[in-house]
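Work out the full structure, taking the sequences as your base and the hints as a guide.
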Amino acid sequence: GENVEQHPSTLSVQEGDSAVIKCTYSDSASNYFPWYKQELGKGPQLIIDIRSNVGEKKDQRIAVTLNKTAKHFSLHITETQPEDSAVYFCAAESSNTGKLIFGQGTTLQVKP
Amino acid sequence: DAGVTQSPTHLIKTRGQQVTLRCSPKSGHDTVSWYQQALGQGPQFIFQYYEEEERQRGNFPDRFSGHQFPNYSSELNVNALLLGDSALYLCASSPPVEDEQYFGPGTRLTVT
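Protein chains in written order, with the working numbering: chain X, 24 to 135; chain H, 40 to 151.
In case anyone wonders, no lab produced these hints; they're calculated from the structure. Predicted, not measured: the structure shown is a model, and the values here were computed from it. Cβ coordinates follow ideal geometry from the N, Cα and C atoms, glycine included. Watch out, some of these pointers could steer you wrong.
[Unchecked claim] Taking beta-carbon pairs under 10 Å as the criterion, some of the chain H residues facing chain X (in silico): (1) 42; (2) 45; (3) 86; (4) 129; (5) 145.
[Unchecked claim] Where chain H lies over chain X, by a calculated footprint (3+ residues, C-beta under 8 Å): (6) 49 to 63; (7) 66 to 75.
If you want it as structure tokens, here you go:
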């Protein structure tokens, strides 16, 4: 069935370092891959997304890469800041179903 | 412009009771999806509503039902509550013909 695996489950970096979170999906029909940031007591916030016809997308300090052949996609955060500390979720959506399948989440801690 | 809003914020119910949760989408959005997020887990897709019809459904029992109104707002109903239904219930809305889903802050349901 549809599944998204996310690694690592926890990640601790020093302020200014880079952070990378990786996800693997199983459904080859998936064509939309959003990333969400969830802070304590809040709903997930869409931070960046990528579609299957694009290999890489960048927005200031965050970037996402997609390898459709390997069914891998990754989130890269550069020059991390303490306010980047949160739980990050990757997700995949099958073609036009509107159904997002989420990974298990990565707790990112940025130490000042 | 208000984002996705949900009510109530918190709710405590007893096993066997019924509950109704409410969601108002972002202005201009016409599709509403509901997710259940257990503690420490990623959100799980319950169902999606478009044009007042259930368009997609996840692996949830018939105790979970919903409705979408002509103004695009939506309700999630859960009957015969179980202890395992305790979770954060998230609503997400999408603009016409787009994949992006924007989440509300959620309703924390506790079943005792």
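Status of each hint after checking the structure:
Because the closest C-beta pair between residue 42 (chain H) and chain X is about 9 Å apart, less than 10 Å, the hint holds. Interface restraint check: residue 45 (chain H) against chain X, minimum CB-CB distance 8 Å, threshold 10 Å, status holds. With a least beta-carbon distance of about 9 Å to chain X, the hint placing residue 86 (chain H) at the interface is held under the 10 Å criterion. The closest approach between the C-beta of residue 129 (chain H) and any C-beta of chain X is roughly 6 Å, which is under the 10 Å cut-off, so the hint is satisfied.
At a threshold of 10 Å, the smallest CB-CB gap from residue 145 (chain H) to chain X is about 5 Å, leaving the interface hint in force. Using a Cβ-Cβ cut-off of 8 Å, 3 residues of the stretch 49 to 63 of chain X lie near chain H, which meets the minimum of three, so the contact claim holds. Only residues whose beta carbon comes within less than 8 Å of a beta carbon in chain H count, and the stretch 66 to 75 of chain X has 6; three or more means the coverage holds.
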